[in-house]
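Q: Position chains B, C and D relative to chain A; hints supplied.
Protein chains in written order, with my numbering: chain A, 5 to 360; chain B, 5 to 360; chain C, 5 to 360; chain D, 5 to 360.
Derived by calculation from the structure, the hints in this document are not laboratory data.
Just so it is clear, the structure is predicted and the values come from calculations on it, not from any experiment.
Check the hints yourself; a few may be wrong.
Note that the list lumps identical chains together, so a pair holds whenever it fits in one copy or between two copies.
Dumping the calculated DSS-like pairs for lysine-lysine here, alpha-carbon to alpha-carbon at most 30 Å [stated by the list, open to error]:
1. Lys226 <-> Lys215
2. Lys263 <-> Lys179
3. Lys215 <-> Lys264
There are 4 protein chains.
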Amino acid sequence: MRKKHVGILGATGMVGQHYIRLLKDHPFFETTFLAASKESAGKSYGLALSEKGRPLDGIPTPILALQVHSIDEISLAKEQCDFVFSAVDGPIAKIYEPLYAAEGLPVISNASSYRMDPDVPLLIPEVNPDHLQILPQQQKNRGWKRGFIVAKPNCSLQSYLTPLYALHKNFGIQKIIVSTLQAVSGAGYPGVSSFDMVDNIIPYIRGEEEKSETEPLKILGKIEGFRIAPIEGISISAHCNRVAVLDGHTACVSVQFQKKPVREEILEAWRTFKGAPQELKLPSAPQRAIIYREENDRPQPRLDRNAEGGMAVTIGRLRDCNVFDYRFVALSHNALRGAASGGLLNAELLHARGYL
Amino acid sequence: MRKKHVGILGATGMVGQHYIRLLKDHPFFETTFLAASKESAGKSYGLALSEKGRPLDGIPTPILALQVHSIDEISLAKEQCDFVFSAVDGPIAKIYEPLYAAEGLPVISNASSYRMDPDVPLLIPEVNPDHLQILPQQQKNRGWKRGFIVAKPNCSLQSYLTPLYALHKNFGIQKIIVSTLQAVSGAGYPGVSSFDMVDNIIPYIRGEEEKSETEPLKILGKIEGFRIAPIEGISISAHCNRVAVLDGHTACVSVQFQKKPVREEILEAWRTFKGAPQELKLPSAPQRAIIYREENDRPQPRLDRNAEGGMAVTIGRLRDCNVFDYRFVALSHNALRGAASGGLLNAELLHARGYL
Amino acid sequence: MRKKHVGILGATGMVGQHYIRLLKDHPFFETTFLAASKESAGKSYGLALSEKGRPLDGIPTPILALQVHSIDEISLAKEQCDFVFSAVDGPIAKIYEPLYAAEGLPVISNASSYRMDPDVPLLIPEVNPDHLQILPQQQKNRGWKRGFIVAKPNCSLQSYLTPLYALHKNFGIQKIIVSTLQAVSGAGYPGVSSFDMVDNIIPYIRGEEEKSETEPLKILGKIEGFRIAPIEGISISAHCNRVAVLDGHTACVSVQFQKKPVREEILEAWRTFKGAPQELKLPSAPQRAIIYREENDRPQPRLDRNAEGGMAVTIGRLRDCNVFDYRFVALSHNALRGAASGGLLNAELLHARGYL
Amino acid sequence: MRKKHVGILGATGMVGQHYIRLLKDHPFFETTFLAASKESAGKSYGLALSEKGRPLDGIPTPILALQVHSIDEISLAKEQCDFVFSAVDGPIAKIYEPLYAAEGLPVISNASSYRMDPDVPLLIPEVNPDHLQILPQQQKNRGWKRGFIVAKPNCSLQSYLTPLYALHKNFGIQKIIVSTLQAVSGAGYPGVSSFDMVDNIIPYIRGEEEKSETEPLKILGKIEGFRIAPIEGISISAHCNRVAVLDGHTACVSVQFQKKPVREEILEAWRTFKGAPQELKLPSAPQRAIIYREENDRPQPRLDRNAEGGMAVTIGRLRDCNVFDYRFVALSHNALRGAASGGLLNAELLHARGYL
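Isolated chain A, as found in the complex:
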């Protein structure tokens, strides 16, 4: 069976480069089309990367020789690929993602532009795979035939939403207060100035707290008629901080349940947790979506972010809370699970379910 042909919108950015590395030798997909801004268009990918400043190592040589196209060349994209990953900034995504979808290309997006649209699945394959059933409605709403948009949630919540979902299914969650310690790679490149990060933390990340508080409610929601309705009865409050860590967002979570489970029930819920990616054995799926570490000082970003190829959430320090029911610390790799690898897993689920 021939591999699906894949286009990368925003190919010269950090996430775009990650996609290209991940697609090397992928069993279902291969990179055939690269789109970027006008400055890069017409150049070889290798040249465009070196001009933009910070090429990652490990890009396959044939891809370095591919020509970069302007993101405007949508009909060419249609000829050359079956679907696209969108790794462009919000305002660009806002304009171009619907144009690609309208042209008949499924768009698997990392951008925030359409995340909260009620007919766009905001997908964590372990949590809400059934939200994909909204796609026919989305196409109908927007007059698209084959194209659609599927979004990936913000990287900050990847650290805590999957473990909370595993508990919510069993015990019902009411209230969450979370403080995140987020890695600099979450801001892209060049992102945060080193002048701000030496001997310092920044207790603010623009827009991040809002996303951390609203996106989970949609992800935990249900399709009701023509839309995905956010869950009710859960409230979330987030403090988001930037710290001098390269990769790996850590979350300190306090949670109140409808019905307080005992500690062993929580550990059991995490231990046995499996979602669609594990059941379907998707190529990028972590074997264990959730890993619990018994040591009292884990998870740590440098030590745990690469667990299961950067796709697992690592948890530790489950303990009673004086104010809510329980507290724990959770960590995921923002630049893998929280960005390109997470988008790729979304594509693999779509592929397995026949949407691509």
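A: For chains B, C and D alone, kept in the frame of chain A given last:
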């Protein structure tokens, strides 16, 4: 009037050295006695420091020439000083602080050994100066004449307790969930390995969460009969993290009130807050005990820790909370306000109130 | 005597802000004119700063209320000030510095554009104050009446050139191999990405090695006829590295002399070193231009960069070299001595010598 | 063929743990004996590790269950293994390495105690494999039958000695001045305090410059009669600095040749360089022992330390030197090539040559 003579227990440690620097040209106190472990005893302070590894700059030369005594030489201490600062580790403090007090020397302690004893004031001069009234009871309980122990709380809570107290007085606090991002100097020297702090955070500090949760209740408590009774009706939950910051503990605070104030009332409560140190114009007192910054990305440890000589708490990001009433970020200098300077302010209050 | 009125070109940048802070309460100078790019022109300085992103604390409030002018408003500058500090980037400096000088305004520059022009003094007041005697020639060459340009050397060489000069005067230097470990503030703001500086060093800084190798030869040179001729007989080779330090450039120096001095002669040459700023007691001059530390692990950037208000060079580890004669480590504060404070000292020397 | 049985002296330390991880699934060797200090003796390895503080992830579970022996149990070691890796500190190595060798066990050492003994090979397999021929002489000198000691050089010089050797063979080297920027893992665990490494560098590492200057001369030397004689006619001067990098020592090298090659000859010498490990295809050998990167800002520790499994030296920035002939930057992984993996490669060479 002659200055009070001061002894430093634990003179060769980080906090001990800070005391000595702070006491240079102090209007009320002067350093006359240095005590340390047996290895340092009998040596000049300069020699003892250089052998121990990491002398701070700025120790006055005459002090470098002083002889270090063993902490066992209590009767000598009694001859040479009017009171002592105790900057020794917990187990040493456990043994020696009562011995010094029994000998008639007031002990102003940074250690945790006696903090939770119901007859020992756990003092933040802006918050609970009246807890000093327990001292006669303490002396009676323990059979001490002139000596006593006054303790300083854990450095982590200095960042958030004073601003919370300013609000509690007016609006009544019920629940607090706090996550701290704590500086490496809080672990002393050598403290945390650099191997653990490069590209990393540690989501655990031994004993710190317990202290952060129980000490505030005592500090906000009242003298009831023979003891300081912890306040009731407030619950606190703390997540404590170590981050790669030199000095300055940051706290992300979510708070629930008995009666939710409007935002402007909170800002007003902080703006007008004054405690005993400000009213008494104690030499080490910050003019403003609490500083509110309007910028959306403050406080930051490197930029704000030195406000008011490292004695103020700097706050920012007051905003509504989806789960509780309000959220904010607060910061204080753990190695100044949270350690030696805080101990010195305690001594200044004791002096002003005639206890020394 | 009325203070000289001073304009700041590039007022919203990091160095420009430093100038404004330093000029607060300066005995000779006061800030009266602020110039920046067109985006900032017409706005209050406070607004312009907050829009540009990273205002320093400590800017005097009246200055925050000053209106920012476009750098094009040269005739207004002439009305409002006696001379200007230029803290703009190279290409802007290239265009505007001569325009300001032609208008009659002395330009004291931090930019590299005219550093190597043979009629422009490249000034370290302790080393080559007599190079100012070229100024009449410069004015003649360029047809300027009252205006002129005086440049400040690159920040990297401030760490090692003054101590080498103190030795060169006495013993004659032939060869220098130096490796620098440079702070991130040397790259301005936002400068180096934190993504590049976490768990990393960058062994390359564009243009820095060339400047480190050629500028010293001019500074150590002599006025010969109509030009400053670089010194002959000295060769310098530099490796420049960026490290995760906020402020303070460290240099590891190996040096070969014409005539090898004994160690004590070197220490004596440093101990007794004085230049024009010390003799003239200029307000920004360090009392000791060179400080030698005996400890075997000094200088360290965090501990030593602020010596003498950030204006001294701190040296340590003088020892024999297996290849050349001696080795040592030297450090200076790149953002103070190496930038605004160094420019201010230049202005103070010009003022003392009657050039302003 | 049965695998050789291997003992690890210093099994609970950082390097010891690395050995154990590397020996997992090794084709020639398997871990059968663990020795550590008395506090760990008698405990399971897993327990001993967790008590000592910082276990690495990835230790095979059967090894965690192995009992740790006291380093005194030499006759037991003899029963249970064919040779030992010594990863103990210098003073312990000084005592125990000869005792193990006397008992008949080859000792492959990471310690510095016997490195400079003229009958002990100081081995970099790519550089001086023939120094192993001194071993019969060593055994004769010391009255050992089957046992012997082979040492590994200091980690700092691994970054620059192999590339210099590749050039020395062809062009003859006379003078080297090198400045190193060394990672914190080089100091072991806990090693350097984070208090010293936040916003700082330390321009001194005890003993490191001496080792960096003398060990290379022995490694480049020849067996002359009964001893390895250091090479003559080469002088080396080293500045060693500690920087806030986790792994990877960077060296800024200036080199003077007997006969200056052209740039392309140098690149060719590196490109074609092969040593015994490459020719013998030893399991831990890097395919390319030396990698040259064309980018002007490489090598960087975080990006290049893991090249070829952490076993290659990565070089960049070859350029003319104003003082010597050439300059370049070189990097190797101190905790892999410079420690356990380097020791393992030594063992593999010994095995291939029939010494084990």
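Q: With identical chains, the pair Lys215 and Lys264 could be close in the same copy or across copies; at 30 Å between alpha carbons, which is it: within, between, both, or neither?
A: both (27 Å within a copy, 25 Å between copies)
Q: Classify it for me, Lys263 with Lys179: is the Cα-Cα distance of at most 30 Å met within a copy, between copies, both or neither?
A: Answer is both: 12 Å inside a copy and 20 Å across each meet the 30 Å cutoff.
Q: Checking Lys226 and Lys215: alpha-carbon separation at most 30 Å within a copy, between copies, both or neither?
A: The answer is within: 18 Å in one copy meets 30 Å, while 42 Å across copies does not.
Of the numbered hints stated above, none is contradicted by the structure.
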